[in-house]
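Peer 1: For the record, the sequence lines run as chains Y and P. Using our numbering, the first residue of the first sequence is number 1, and each one after it goes up by one. Using our numbering, the first residue of the second sequence is number 1001, and each one after it goes up by one.
Hints may contain errors.
[As the list claims (entries may be wrong)] Cβ pair distances, simulated, as ranges:
{"id": "1", "chain 1": "P", "residue 1": "R1167", "chain 2": "Y", "residue 2": "A32", "range": "34 to 42 Å"}
{"id": "2", "chain 1": "Y", "residue 1": "Q80", "chain 2": "P", "residue 2": "A1030", "range": "54 to 62 Å"}
{"id": "3", "chain 1": "P", "residue 1": "I1241", "chain 2": "Y", "residue 2": "G36", "range": "48 to 56 Å"}
[Said to hold, decoys possible] For lysine to aspartate or glutamate, the following DMTMM-like pairs were computed, each having C-alpha atoms within a straight-line distance of at most 25 Å:
{"id": "4", "chain 1": "P", "residue 1": "K1009", "chain 2": "Y", "residue 2": "E65"}
{"id": "5", "chain 1": "Y", "residue 1": "K195", "chain 2": "P", "residue 2": "E1145"}
{"id": "6", "chain 1": "Y", "residue 1": "K195", "chain 2": "P", "residue 2": "D1007"}
[To be verified] Calculated Cβ distances over 10 Å to all of chain Y for the following chain P residues:
{"id": "7", "residue": "Q1119"}
{"id": "8", "residue": "P1200"}
{"id": "9", "residue": "V1206"}
{"id": "10", "residue": "G1229"}
Just so you know, these hints were derived from the structure itself, not from any lab. C-beta: ideal position from N, C-alpha, C; glycine also.
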Amino acid sequence: MVIWLFAAVVGFPGRSSESQLEDQRTLERIAAGDSGGLAALYDRHGRSVYSLALRILGDEGDAEEVAQDVFAQAWRRAGQYDVSRGTVAAWLLVMARTRAIDRFRARRVRPEGRVHEDDGLTLQQLPATNPDVASEMMAAERGQRVRRALEELPLLQRAAIELAYFEGLSQREIAERLEQPLGTVKTRMRLGLLKLRDALAEVRP
Amino acid sequence: MTPAHDDLKHDAAAYALGVLEPVERAAFEAHLAECAECTDDVRQLRMAAAALPHLVPQVSPPPSLRAHILGEVRGVESSDSAATGMKPVAQQRGLPAWLQIAALLVIGVGLFLYAQRMQARVSNLEARLAQAQAQVAIADRQTAEARTVALRAQSAMGVFAALDVARIDLAGQPVAQMARARALWSRQRGMVFTVSNLPPLPPGRVYQVWVVTAQAPVSAGLLTPDAQGGGSVYFETPVDILPPTAVAVTLEPAGGVPAPTGAMYLVGKPSPL
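In isolation and in its complexed conformation, chain Y is listed as follows:
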């Protein structure tokens, strides 16, 4: 009980494959209509879902609405969760990212008056193909080393990655925003991600 409380307060539950199994069992409970299962799912992932939405939208009210959407969706679609596409945590975070970016775009003034659906649909689903890596990120010390790796990326590499991930901009849009040739944006995005991957590989036990 105390250990559980500790994990919940600190927010760094050790995301081992064990807690993935627990998440899967929780989804089964939810699929069977048990709202206690949703409470458990929220207690384990509410914070990270909310934090991601807040990072993308920068507004607490909007982030709350996105988190509500995500868990309502989890409640309706728990039965459709497919373990081959990634962990439950990744499934929730993908929903959070997609919804937050849609909302972010809808909020923006579109100078050319383009229809929202046009760019809303380009965001493809992003499966976490390596659940172990993503889960171990949560261990505080390792997370910090990878975070530092992101911060130490040259500004352009980091900007390209962050504009793509957190704003859902296409390579062309990023090139316009950063006033860089398209080819440069492509190579910087790649270099930056590869450096992050190296930092991840380093921190794997």
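Guided by the hints, dock chain P onto chain Y, whose structure is given.
Peer 2: Using the frame of chain Y, we list chain P on its own:
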């Protein structure tokens, strides 16, 4: 190595981040089906992309959010059972009084026994709680540090996203002809300044970045270049600052000075966008 591969391999990162436009994405996926090299590449890049959501500052949502989410679902649940004609137990009224009293007695005895068992565990739990609290304090401090770093970085990112961003390219002066720098200025979001090829610092000196306005130069921060003479500074724009007429870098005594005194190493004016 087909020509398609040479064209498409550069899209792997955007694919892994989920931001290829539909046409590009279809072409890339078709290529993936027949290219082991790109498939492996995407796997590696996705590993990094999957880590990104875990790197954002972790913020606790307000407690009301939990109640709201669960309340919504429970609302659906009870209307569902009403629709199927199943009455929840709580809605069946009119138990005989003696049964209610007996039930209360059973509950009372149960609670008493439970309380006794709990008391025995309290001291044990208290000791463990104290330990947990100490760990929470450490973790809180780490989280606060991480958040500060992340917030600073996020503000710097905001400059790129600002609608009113202006670019200022700085040229190296005779003392540092190889040096180059660029500043991106936004009144709302601040200024990001990056420089390369600055000469190594003499001992006891530091470079200082200045935002020159019609009134007076304002210090935008101190800069100690890395081994390649590179570095960057993020400057939060004061509310009352006038638009910059130039950005400059001077050599100053360690610790910096309120107004520029030393030799000018770089200077540049805003270019219209």
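Peer 1: Between Y/Q80 and P/A1030, does the beta-carbon spacing fit 54 to 62 Å?
Peer 2: Between Y/Q80 and P/A1030, where Cβ atoms are some 27 Å apart, the hint is violated.
Peer 1: Holds or violated: P/K1009 with Y/E65, Cα cutoff 25 Å?
Peer 2: 38 Å, violated
Peer 1: Could you tell me whether the CB distance from P/R1167 to Y/A32 stays inside 34 to 42 Å?
Peer 2: Taking Cβ atoms as reference, P/R1167 and Y/A32 lie about 58 Å apart, which means the hint is violated.
Peer 1: Is the nearest Cβ of chain Y still more than 10 Å from the Cβ of P/G1229?
Peer 2: 14 Å, holds
Peer 1: Classify the label on P/P1200 as holds or violated, using whether its beta-carbon is more than 10 Å from each beta-carbon of chain Y.
Peer 2: P/P1200 clear of chain Y: closest Cβ-Cβ about 20 Å, beyond 10 Å.
Peer 1: Please settle this one: P/V1206 was flagged as non-interface, so is its CB more than 10 Å from every CB on chain Y?
Peer 2: Given that every Cβ of chain Y is farther than 10 Å from that of P/V1206, nearest at about 21 Å, it holds.
Peer 1: Minimum Cβ separation between P/Q1119 and chain Y greater than 10 Å?
Peer 2: 16 Å, holds
Peer 1: If I claimed the Cβ atoms of P/I1241 and Y/G36 lie 48 to 56 Å apart, would that claim hold in this structure?
Peer 2: Distance hint for P/I1241, Y/G36 holds at roughly 55 Å.
Peer 1: Given the hinted pair Y/K195 and P/E1145, is their alpha-carbon gap at most 25 Å?
Peer 2: 23 Å, holds
Peer 1: Is Y/K195 within 25 Å of P/D1007, Cα to Cα?
Peer 2: Holds, at roughly 23 Å.
Hint violations for this structure: numbers 1, 2 and 4, all remaining hints satisfied.
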